[in-house]
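With the sequences and hints as input, model every part of the structure.
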Amino acid sequence: GDSVTQMEGPVTLSEEAFLTINCTYTATGYPSLFWYVQYPGEGLQLLLKATKADDKGSNKGFEATYRKETTSFHLEKGSVQVSDSAVYFCALSGAGGTSYGKLTFGQGTILTVHP
Amino acid sequence: GAVVSQHPSWVICKSGTSVKIECRSLDFQATTMFWYRQFPKQSLMLMATSNEGSKATYEQGVEKDKFLINHASLTLSTLTVTSAHPEDSSFYICSAHPRTSDTQYFGPGTRLTVL
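Chains as they are written, first to last, in the numbering used here: chain A, 1 to 115; chain B, 116 to 230.
Fair warning: there could be bad hints in the mix.
Said to hold, decoys possible - DSS-like mimics (lysine-lysine), calculated; alpha carbons at most 27 Å apart, straight line: (1) 60/A x 156/B; (2) 156/B x 102/A; (3) 49/A x 135/B; (4) 68/A x 52/A; (5) 179/B x 102/A; (6) 135/B x 170/B.
Because the hints were derived from the structure by calculation, they are not lab data.
Right under this line is the structure:
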């Protein structure tokens, strides 16, 4: 079945540091890929998405590129801020059939950014 | 746009009682809603897919008779935890996606504590 593997956390960075959170996936067909963010005490919010190979999703300075050849969707940001401290989830959406629309999540990566 | 609400945000109940959690899409119609469970510091696990006007589809290992799901309208799904026990204590999250999009929007979650 479908699966998502994220880099283990927690990740602790200083403000303005470069961020990479690795995400790889296993899926049949051509899934859509997502990054969701969960701020303390809040629900999950869509951060960015990509629906086909070589697409780049971007939002709020974060970027991720859908790499089919390496089955990866790594999240990057050039300069993190304290307000980026949150839990980040990589996810994929089933490509079709009975799995359409179902999200499979990675285990989540806790990011803490210090001033 | 694309706001999903949940009610209540938290609930404490005695063992053996039943608890109902509501999930509403406030500004769009959702033929499909999803229910997830999130344990502390862990990822979201899909429990079931709720389809408007038909029976819910449960994931393997989820007890249908314990977690009753009703999708009464295009904007409302309810999850009832019947005869709750302490091991049912968890964070329950719903999501929905508009008919024309594969992006899911998440509710803020409901913290259930069973004493």
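Hints versus structure:
A C-alpha spacing of about 25 Å is found between residue 60/A and residue 156/B, which places the hinted pair at or below 27 Å, so the restraint holds. Among the hinted pairs, residue 156/B with residue 102/A is consistent with the structure: their alpha-carbon atoms are about 21 Å apart, no more than 27 Å. This hinted pair does not check out: residue 49/A and residue 135/B have alpha carbons roughly 32 Å apart, beyond 27 Å. The straight-line distance between the Cα atoms of residue 68/A and residue 52/A is roughly 8 Å, inside the 27 Å bound, and the hint therefore holds.
Taking the CA atoms of residue 179/B and residue 102/A, the gap is about 18 Å. The hint holds against a cut of 27 Å. Between residue 135/B and residue 170/B the CA atoms are separated by roughly 17 Å; this keeps the pair inside 27 Å, and the hint holds.
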